[in-house]
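**Student:** Residues per chain, in single letters:
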Amino acid sequence: MRTWAIVRRILMQFKRDKRSLALMIVAPLFVLTLLWLVLDSEELTPDIALVDTPAPFALAVEEQDANVKEMTLEDAHDQLAENELDALISWEEQTPRVVLEGSDPSANSAVLRILREAGAQLSEGKQLNPDVEFLHGSNDFNLFDNVGPVLVGFFVFFFVFIVGGVSFLRERTQGTLERLLSTPLKRGEIVTGYLIGFGIFTIVQSVIIAAYSIFALDMFMSGSFFYVLLVTFLLALAALSLGTLLSSYAKNEFQMIQFIPLVIVPQVFFSGIFNLETMEPWLRAIGKVMPLTYGAEALRDIMIRGQGFESFQLQIYVLGGFTVLFALLNMFALKRHRRL
Amino acid sequence: MNRMIATSRVSHQFGTEHVLQDIDLTIDEGEIFGLLGPSGAGKTTLVKIIVGILRPSSGTVDVQGIRMPSLQQMHHIGFMAQSDALYNELSAKENLDFFASVYGLKKGQRKDSIRSVLDVVNLTEHMNKPVETFSGGMKRRLSLAAALLHKPALLILDEPTVGIDPVLRESIWKELRRLQKAGTTIIVTTHVMDEAEKCDRLALLRDGFVIASGSPGELKQGINAGSMEQVFLYYGGEQS
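The listed protein sequences correspond, in order, to chains A and B.
Here the first sequence is numbered in our numbering, starting from 1 and rising by one per residue.
Here the second sequence is numbered in our numbering, starting from 341 and rising by one per residue.
A few of these clues could be false.
Over 10 Å on every C-beta distance to chain B, these chain A residues come out as not near it, computed from the model [said to hold, decoys possible]:
{"no.": "1", "residue": "Leu181"}
{"no.": "2", "residue": "Ser182"}
{"no.": "3", "residue": "Val263"}
{"no.": "4", "residue": "Tyr317"}
Take a look, some chain B residues computed to stay more than 12 Å from chain A by CB distance [unchecked claim]:
{"no.": "5", "residue": "Glu371"}
{"no.": "6", "residue": "Gly399"}
{"no.": "7", "residue": "His415"}
{"no.": "8", "residue": "Asp437"}
{"no.": "9", "residue": "Gly448"}
{"no.": "10", "residue": "Asp459"}
{"no.": "11", "residue": "His466"}
{"no.": "12", "residue": "Glu472"}
{"no.": "13", "residue": "Ile504"}
{"no.": "14", "residue": "Trp513"}
{"no.": "15", "residue": "Arg518"}
{"no.": "16", "residue": "Asn564"}
{"no.": "17", "residue": "Ala565"}
Not the full set, but computed from the structure, chain A residues with beta-carbon under 7 Å of chain B [unchecked claim]:
{"no.": "18", "residue": "Lys335"}
{"no.": "19", "residue": "Arg336"}
{"no.": "20", "residue": "Arg338"}
Rather than coming from a laboratory, the hints here were simulated on the basis of the structure.
By construction, the Cβ of each residue, glycine as well, lies at the ideal position given by its N, Cα and C atoms.
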């Protein structure tokens, strides 16, 4: 089949263009690592003030990895307000009462971890059930684990969109598209060739990015690795078909880059990194037309909630649907270059 | 002689701009037919319509009696575009291999035809170099080679000798003559007057109209001109 001619050519071009290859594999790994370094600071030693806590409890806390100070309630509140402390622990009716500074998710999680461990040490496994309050309300403790699945999906989507879109665009600007359209190749064969050629490559890319995030960066993962690959692969195909489609409406590489703030950035906003529950329902519906929303949702179901196929099959079908839709639209858009 | 191409009242417009107006041409099998005209005359649009990339706004084009555009007929047409449509990061051989497989040539056939076209354009010793290291002339030759791979009955060349030195131009024309002897019909667009003299027959294009056609000798004789340049000025002047 003639489609395979295109598939083979794309793979050969990848082999030659080491830089694009690196962009699609190394760049996501690099950025994920940076984010991990920034967000996942488990080593953080929180500053905790203890106010009139029972001696055994204070001892237990001091044994943990924390800077502990005893002070009066007033001083502690002042310092907490000035962000010199991460938490204040006082004692009320047999239970600790915790006020978290709250603006730094990694400090929050560190304090809560310390409380948990101190509690376990004190009561030999029994939960302490602390009464937790936030000075600057937020209960998003482990940011990296929480947004990790979205980030994996996003980077796959982003880089496939750019590289796929630009290489299809170059096909036009260097005249080879017209050349191909002077041959008996059908428009559908060109689009399918691109999907398969890049598809093969994105499988490799997905394996590397997912494996690195989960095993090297220790991203929270409670589901099946295979499902993660399935979703990132489908997300990559959607990105590729969208990128090649939009490249028809760009005159050059620079105009392709201009699609990033229009097409990519809004998808991030609606992908679940930010909590949208307080948003007007009709505004929230915007996210429903974005592939990344479905990919990110499925990845969270798998990685965070450890759910099985039934819970995210809808997202899988929708992603597949996006790919088919964009590919068909692209075949139609190619009509501008050859009517047949 | 059999008819290779017949166009009938072909007109084309991009938006409101009329690029071609009522083009009636017939080209016989085995001819080298020249389309001569300044840039913007509509030469490229006309050849794209004949190739089947564009569908004319009105009028018809038949190649070997089959109405264009036709995917089936594209098997018998070789097209060399104005720009060198090549993949720069791939080697000459890989480019040719790709285009050969696009035409559905089997592996053995591909190998043979790649070897023979590389020989024709004299690039055999450079076949494993990436195209980005090629000079302009080498790219032009490789583009020509890519158009010959499937041994088309009709070869359409859009400005094949632009930016090519006289020696190379001579060798390309020699090759075109050889292909003609083998029975290939060739259409060449050009804006170089002395090149037009080498064609069997010509059509002079200006502002989308055919202002004159015939063999170079006929055209010159008709107005007692000594060169194609004068012919063009004569007819072109009348038009404006």
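**Student:** Could you run down the list of hints and mark each one as holding or not?
**Tutor:** Now for the hints, and whether the structure bears them out:
1. Leu181: violated (5 Å)
2. Ser182: Serine 182(A) not clear of chain B: closest Cβ-Cβ about 4 Å, inside 10 Å.
3. Val263: holds (27 Å)
4. Tyr317: Non-interface label stands for tyrosine 317(A): nearest chain B Cβ at 33 Å, farther than 10 Å.
5. Glu371: holds (20 Å)
6. Gly399: The claim holds: glycine 399(B) sits with its nearest Cβ about 15 Å from chain A, beyond 12 Å.
7. His415: Since the minimum Cβ distance to chain A is about 5 Å, histidine 415(B) lies within 12 Å and the statement is violated.
8. Asp437: Not fine: 9 Å to the nearest Cβ puts aspartate 437(B) too close to chain A.
9. Gly448: Holds: least Cβ distance 16 Å, greater than 12 Å.
10. Asp459: holds (22 Å)
11. His466: holds (16 Å)
12. Glu472: The assertion about glutamate 472(B) is violated, with a minimum of 10 Å to chain A.
13. Ile504: holds (17 Å)
14. Trp513: For tryptophan 513(B), whose nearest Cβ neighbour in chain A is about 22 Å away, the distance exceeds 12 Å, so it holds.
15. Arg518: holds (23 Å)
16. Asn564: holds (40 Å)
17. Ala565: holds (36 Å)
18. Lys335: violated (10 Å)
19. Arg336: violated (11 Å)
20. Arg338: Because about 5 Å separates arginine 338(A) from the closest Cβ in chain B, which is inside the 7 Å limit, the hint holds.
In summary, the structure is inconsistent with hints 1, 2, 7, 8, 12, 18 and 19 from the numbered list given earlier, while agreeing with the others.
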